[in-house]
Amino acid sequence: MRKRINNRAWLMVLPVLFLVAMSAVIPLMTVVNYSVQDIFDDNNRVYVGLEWFIQIIRDPELHAALWRQILFSANVLAIEIPLGILIAKAMPRRGSVATGLLIFFAIPLLIPWNVVGTIWQIFARPDIGMAGMSLTSLGLDYNYTANPVDAWFTLVAMDVWHWTSLVVLLVFSGLRAIPEAYYEAAQIDGANRWQMFRHIELPRLKTVLGIAVLLRLMDSLMIYTEPFVLTGGGPGNSTTFLSQYLTRMAVGQFDLGPAAAFSLVYFIMILTLCWLFYSLISPAEEQTER
Amino acid sequence: MAHVSLNNISHAYNANTDSETQVLTDISLDIPHGSAHALLGASGTGKTTLLKIISGLLIPTEGDLLVDGRRVNTDSPRERNIAQVFQFPVLYEHISVFENLAFPLRNRKVPLTEIHTRVKQTAELLEIDNLLSGKTTGLSIFDKQKVSLGRALVRNDVSAILLDEPLTAVEPSAKWRLRQKLKELQQELSLTMIYVTHDQLEAMTFAEQISVMHEGRIIQTASPRELVEKPQHEHVGFFIGMPGMNFLPTDSTACLSPPKGATKAGFRPDQAFVSTKQGHNSLQVAVIDQQALSTHLGESWGLLTCKYQDIEIRTRQHLNLNVGSTAWLHIDNPHFFRNGWRMTGQAEVTQGNA
Chain A
1 MRKRINNRAW LMVLPVLFLV AMSAVIPLMT VVNYSVQDIF DDNNRVYVGL
51 EWFIQIIRDP ELHAALWRQI LFSANVLAIE IPLGILIAKA MPRRGSVATG
101 LLIFFAIPLL IPWNVVGTIW QIFARPDIGM AGMSLTSLGL DYNYTANPVD
151 AWFTLVAMDV WHWTSLVVLL VFSGLRAIPE AYYEAAQIDG ANRWQMFRHI
201 ELPRLKTVLG IAVLLRLMDS LMIYTEPFVL TGGGPGNSTT FLSQYLTRMA
251 VGQFDLGPAA AFSLVYFIMI LTLCWLFYSL ISPAEEQTER
Chain B
1001 MAHVSLNNIS HAYNANTDSE TQVLTDISLD IPHGSAHALL GASGTGKTTL
1051 LKIISGLLIP TEGDLLVDGR RVNTDSPRER NIAQVFQFPV LYEHISVFEN
1101 LAFPLRNRKV PLTEIHTRVK QTAELLEIDN LLSGKTTGLS IFDKQKVSLG
1151 RALVRNDVSA ILLDEPLTAV EPSAKWRLRQ KLKELQQELS LTMIYVTHDQ
1201 LEAMTFAEQI SVMHEGRIIQ TASPRELVEK PQHEHVGFFI GMPGMNFLPT
1251 DSTACLSPPK GATKAGFRPD QAFVSTKQGH NSLQVAVIDQ QALSTHLGES
1301 WGLLTCKYQD IEIRTRQHLN LNVGSTAWLH IDNPHFFRNG WRMTGQAEVT
1351 QGNA
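These protein sequences, in sequence, are chains A and B. Here the first sequence stands for residues 1 to 290, numbered as in our numbering. Here the second sequence stands for residues 1001 to 1354, numbered as in our numbering.
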């Protein structure tokens, strides 16, 4: 059988192609373009191949920022995920109290990120901030603008305050979806609270927890606004993460070539991580239909 | 296995508050060791609540629950040694079938070697020994339900096995096989089984004794045969049998000579027939439908629907009348009911006359 091929169908795809081109392909290609050239001015540009890539991969400051980034993400994940589960489990399953708590927990998620930074910048100030003053009045030598450990502590606390709610909301919805009969069966089988968590809740929360970890991992790897407002990357470079280092390179020092190479590496790194993680959790998704 | 007794058990949700709802009223039951007992009733009659009380998931607001004479009202499900199979298979999906069966034993700190032998035995009994190493996710509902039954059977100290509509979710073609298996195991191992269902056929084929529940009460506990022949309550008559009992108010059927105080006469479809001949105590009816179910010696047999005044009546008989014609309904020894309950003394007398 011969089918008449109607090429006009391609016209239907044009709007989408246009949108994708404008939003993703063209900006990305611009960056690729920058990353392989050394640009002096409009008429003076030299093709440099992979030179910028080699330079940034060997950059010790970037290595330091990367390690800080990994440490930060590991820290916030290690706190936010278990804390979120604990809070969600402690909440009543239904009723007006549960609704009230859900609204309460959603508040930090609704605050613009730079406002979160500003809130904590003031909240943690040792001279006028409530948290900072409380800590100093306890006799602690606390100053997040001067001491790197204090700066880290404040940043992690801020991120936990900002994002644990997301984990709580996700886990709460996951817990609600578990039929009552599972708990009843486990009770009859003689399971204790820990075993119920281990054998009923945890397996059935797998998908939801996977999504929570994925979202928090992506976001924490790209964190920019809050530390920019709170510490500005300091004291010294102690809270300079990848995105801040990138911004400083691109906008501050106007090193467009290395910054473009850096952006691409950064982008591919997060993409790979998320893809790896996604493929890890997606087979679990198929199993939990009933 | 054990003897389970319920003494005057009542239960209300949200007891002693404004939203108190009474769901069970004055339930008394005696389920001897090794018997198959069914709780039969429409949905919302409190069957599942009663099961939860027996398994220990709920503590009754009133009354006593005795297992082998020991009061267990406040014992936790774990202390009670009662197993339950749910409407849909409840399995631990992340572990193998073997681990699913071993789960109740591990929780009770049974030694490893014993766990192995008991799981193997149970799996052989249920014919799932070839599935032991696999996960539960790919199994059919029939096999899944067998695994959940296995979690009950694997505990050899279990006092009773409660089954909450265990066939509901099972594929229609496998329902019969699972029911057979249940009955077989119950008899072979002389298990005490309490089976909740809304399906009279399931209850009648499974249980020696059936308790019919209605609005939170047990209105009759009897053998399947007794439920058909001597329904204690109008509702039992109506609920049991396919189709159920016909009822006529006694004030319009004086010819049946109802005893004093009777409000309704009830008779099963096979206790009456419609013919063109007017008999001694017959009622004039209009034939409105005939539904053939079988043939016997060249004649159609089945269900005949007729109307007496405004009441539809069904009889099981041979279908030789024309739809739309007028005929006569002959009733053979009806039961009489007063305020819902059957009047016993009188019924025995009429049966003697027949």
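None of these hints come from the bench; they were simulated from the model. Any given hint could turn out to be false.
[As the list claims (entries may be wrong)] Ranges of calculated distance between the beta carbons of each label pair, as one might list FRET restraints:
(1) B:D1270 / A:G95: 47 to 55 angstroms
(2) B:E1020 / A:L276: 41 to 49 angstroms
(3) A:N192 / B:S1223: 24 to 32 angstroms
(4) A:L86 / B:G1138: 55 to 63 angstroms
(5) A:L86 / B:E1171: 39 to 47 angstroms
(6) B:T1205 / A:L273: 57 to 65 angstroms
(7) B:E1171 / A:A21: 45 to 53 angstroms
Computed from a predicted structure; not experimentally measured. The beta carbon of each residue, even a glycine, is placed where N, CA and C say it ideally should be.
A quick look at each hint next to the structure:
The hint said 47 to 55 angstroms for the Cβ distance between D1270 of chain B and G95 of chain A, and at roughly 53 angstroms that hint holds. At about 55 angstroms, the CB distance of E1020 of chain B to L276 of chain A disagrees with the hint of 41 to 49 angstroms. Remark: the range hint 24 to 32 angstroms for N192 of chain A to S1223 of chain B is contradicted by a beta-carbon distance near 42 angstroms. A hinted range of 55 to 63 angstroms is violated for the C-beta pair L86 of chain A and G1138 of chain B, which are about 34 angstroms apart.
L86 of chain A and E1171 of chain B have their C-beta atoms about 41 angstroms apart, which keeps the hinted 39 to 47 angstroms range intact. Against the hinted window of 57 to 65 angstroms, the Cβ-Cβ separation of T1205 of chain B and L273 of chain A comes to about 59 angstroms, which satisfies the hint. Against the hinted window of 45 to 53 angstroms, the Cβ-Cβ separation of E1171 of chain B and A21 of chain A comes to about 52 angstroms, which satisfies the hint.
Of the numbered hints stated above, those contradicted by the structure are hints 2, 3, 4, listed in ascending order.
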